[in-house]
Amino acid sequence: MIKMMNKIEQLKLSEDGFTLIEMMIVVAIIAILTAIALPKFNESLAMANTSRVQADLQSLDTAIAMYKVQNNRAPQDISDLDEYIDVENIKAPTGDVYVNGVLTSNETGENYSLNSDKTNATFMGKTRMEFGKNTSE
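FYI, in UniProt numbering the residues of the sequence shown are 1 to 137.
Any given hint might turn out to be false.
Stated by the list, open to error - Straight line, CA to CA, 25 Å or less: simulated BS3-like cross-link-like pairs of lysine-lysine:
id : residue 1 : residue 2
1  : K133      : K91
2  : K68       : K91
3  : K126      : K91
4  : K40       : K133
5  : K118      : K68
6  : K68       : K126
7  : K118      : K91
Hints in this document: simulated from the structure, not taken from any laboratory.
Quick caveat: nothing in here was measured; it's all calculated off a predicted structure.
Could you put together the complete structure from these sequences and hints?
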């Protein structure tokens, strides 16, 4: 029994921590993994924002078409579509989106609007078909 107690005390006394070099290696590995993963995350976020803009513009274009059929004229403002879509809660995302294959930022918080002839919804002055990473497909 005394022999076992001595072994336990020896184990407790011989516990060592990590050396500075080992900690630096771990931090370097984490930094490298972060440098690899962060651009992919940002690209995924931009693709998600682009898909959301496309879906929102499609919904707004459908609401515009319904408005034109029922009222025999185009809406004058996006708020005219409130009967067909929840205009108050349809907000454009902030951050990056792909416009004609080019990464574009919406840091100003621009929202959806109607184009000049009131036939389509736009975001940043562009229609739904202009959004996407590869718009030529």
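Hint check results:
1. K133 <-> K91: Judged against 25 Å, a Cα distance of about 21 Å means the pair holds.
2. K68 <-> K91: Between K68 and K91 the Cα gap is close to 23 Å, so the pair holds against 25 Å.
3. K126 <-> K91: holds (16 Å)
4. K40 <-> K133: holds (14 Å)
5. K118 <-> K68: holds (10 Å)
6. K68 <-> K126: Distance of about 21 Å is within 25 Å: holds.
7. K118 <-> K91: Holds: K118 and K91 sit about 19 Å apart, inside 25 Å.
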